[in-house]
Amino acid sequence: MTPTELSKLANRNRARDLRGVFEAGAGHIGGEMSVMDILTALYFDTMSVDPKSPLDPKRDRLVLSKGHTALALYVVLAEKGFIPKEEISTFLQPNSRLNGHPNRVKIPGVETNTGPLGHGLPIGVGMATGAKLNGDDWRTFVITGDGEMQEGSNWEAIMAAAQFKLDNLTLIIDHNRLQQGARLEDTNNIAPLVPKLEAFGWAVEEIDGHDMDQICAALSPDTITAGKPKCIVAHTNKGQGISFMSDNVAWHHKVPNQAQYEQALKELEEASK
Amino acid sequence: MTNPFQDAKLHDCRDAFTNVLETVGETNENIVAVCNDSVGSSKLGGFKDKFPTRLINVGIAEQNMVGVGAGLANAGKIPFVCAASPFLTGRALEQIKADVSYSQTNVKLVGISSGMAYGELGPTHHSIEDFAWIRALPNIPVIAPADRHETAAAIRWAAAHDGPCFLRLSRVGVPDLFSQTHEFVVGRADMLQDGGDLTIIANGVLTHRAMMAAALLKEQGISVRVLNMATVRPIDADAIVAAARETGAIVTCEEHTTFGGLGSAVAEVVVDRQPVPMCRLGVPGVFAHTASANALLDDFGMSPTAIANSAQALLKRKA
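First to last, the sequence lines map onto chains A and B.
In this text, residue positions in the first sequence follow my numbering: the first is 1, and each later residue adds one.
In this text, residue positions in the second sequence follow my numbering: the first is 1001, and each later residue adds one.
Hints were generated in silico from the structure; no laboratory data involved.
One thing to keep in mind: the hints can contain errors.
To be verified - Just some of the chain B residues that point at chain A, by a computed CB distance under 8 Å:
1. GLN1063
2. GLY1071
3. GLY1090
4. ASP1099
5. ALA1215
6. ASN1309
7. GLN1312
What the hints assert, rightly or not - Taking beta-carbon pairs under 8 Å as the criterion, some of the chain B residues facing chain A (in silico):
8. ASN1019
9. THR1023
10. LYS1050
11. PRO1052
12. THR1053
13. ILE1056
14. ALA1061
15. ALA1070
16. SER1103
17. PRO1234
18. ILE1235
19. PHE1287
20. THR1290
In this text the structure is predicted, and so the values were computed from the model without any measurement.
Every residue, glycine too, gets a C-beta built ideally from N, C-alpha and C.
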């Protein structure tokens, strides 16, 4: 798929996510819109995964540490063929396996149950360490939110990943500058991220997290620095693709009304063409 | 006084743990150890010498340690995650809940120096809440072996079992109760001696004290059944019901707070299925004073004599 095709697919995925949130009457739409380009690139360009063999020992691993944006992952997993596309309609419905946070036991393609923040990167360090011990060349990708980097457990994992020279581990920080109730800079500002991570021994790259050329290039194995874990600081917008949601802290987990839904859908469908 | 362990040699169960880990590690290269700078206190030096790349020391970072264990399990490894029990179970409790219990990962949690083994170091280093914390979580068998042979058998079981578990080990020496060929069956109580007047249920470092108390009671003409309840979850409900029905009174002894541990687990079964008078011995919901591990057990009413006295008092309440 070309970067342009990937971008269109990401916007179709956004539209499906939007409908899911609208119909369920809940969801974390802001962060789902910000992470969708990255997730789409991972599953349709970068990662080697096979929906027919979701537990293949040699598969690449993705951990969505910002588990509250589960619907974005469900939409991409359905698009890839891990779960039926029509199942997205069951999101948050009674007894659906698609609850507000992903569950590896119930959903093929999910690697670990996330939800509480700061859990994914330590698990990614374990995965990447396991691959090294096995002599395997599959890669581990972890996506965190930027507010999530306030969790101390991430920094425990960051130190360990450098110590263990995990160049098969890539952390993508979805840097949309907003946490649940406010801007990061008004809460507990983690800036500057790049020199912090470099000082911790990581190779760091900054990209526009909505530019598919940049995303695919940054995720490419060609950009790995031998002996160093890689962090991609992806500059994104919460609510990306929907004009009235974009970079607006009110849309962390707000649900659009009918008129807002129709306008948002129109914008995303336009961008999908 | 009759002491069945008068001349018995005392053994540190950690040695049994690491001996078995090194042995099973020879035949299964997926066995790895993860620790938080606790190579010495977890006695992992031998494992490190034999398998240097398979000892993953994350440094003093317990949350990361448990997450790394879950990730290693995802990669097909069989991680034994070892740390002093208060820090493993306390600091990393949410990782244990989300990454191990809820995610059902093949992680073996090994709480070292559990209970009040750190004695004089004080309550920050005591782990007398871990039964309660871990037993509240689904999918994790909670196991406290009573001697070196049961420890070895439990570690062999854990290495072969596909799924998480929590093994609670002490550093305080205990005499042998089982033979070298003892087979560990998860969720099964072992009757160490039968009796008809009451039952004492214990595990870990308390089991041999229960046996000593039973010997004292025998001198007074009281016939005691002793159950070693190594597995606190899933608990052997049938053995508890049988003990209640056949002996009519139950004393529990544990190196744990009386809020939510072995005594609570036994009481839940007794209340639901076969109510009889009970006495739950343990740490009565306080932080311990300064004393050695064994002295603390004595001070909290779990010397053999004190256990026997509690049993005598309980018998008076028996219908």
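| Interface hint outcome for SER1103(B) [beta carbon to chain A under 8 Å] | Holds, because the Cβ-Cβ distance from SER1103(B) to chain A comes to roughly 4 Å (cut-off 8 Å).
| said: Would the hint on GLY1071(B) be counted as holding, given a Cβ-Cβ threshold of 8 Å to chain A? | reply: holds (2 Å)
| request: Classify the hint on ILE1056(B) as holds or violated, based on whether any CB of chain A lies nearer than 8 Å to its CB. | output: OK, holds: ILE1056(B) within 8 Å of chain A, min 6 Å.
| request: Hold the hint about THR1023(B) up to the distance rule: shortest CB distance to chain A must be less than 8 Å. | output: It is violated, given that the least Cβ distance between THR1023(B) and chain A is near 19 Å, above 8 Å.
| query | Would the hint on GLY1090(B) stand, with a C-beta cut-off of 8 Å toward chain A? | reply | violated (14 Å)
| When the nearest CB of chain A is found for ASN1019(B), is that gap smaller than 8 Å? | Status violated, d = 23 Å.
| Taking 8 Å as the limit, does the beta-carbon of THR1053(B) come near enough to a beta-carbon in chain A? | holds (6 Å)
| task | Go through the hint on ALA1215(B) and say holds or violated, using the shortest Cβ distance to chain A against 8 Å. | result | Where the cut-off is 8 Å and the nearest Cβ of chain A is about 48 Å from ALA1215(B), the hint is violated.
| field | Restraint outcome when ALA1061(B) is required to lie within 8 Å of chain A by C-beta distance | value | holds (4 Å)
| message | Please check whether ASN1309(B) passes as an interface residue: C-beta within 8 Å of a C-beta belonging to chain A. | response | violated (46 Å)
| query | Can the hint on PRO1052(B) be confirmed by a CB-to-CB distance to chain A that is less than 8 Å? | reply | At 11 Å from the nearest chain A Cβ, PRO1052(B) fails the 8 Å test, so the hint is violated.
| message | Next item in the hint list is ALA1070(B). Is there a CB on chain A closer than 8 Å to its CB? | response | holds (5 Å)
Violated hints for the displayed structure, listed by number in ascending order: 3, 5, 6, 7, 8, 9, 10, 11, 17, 18, 19 and 20.
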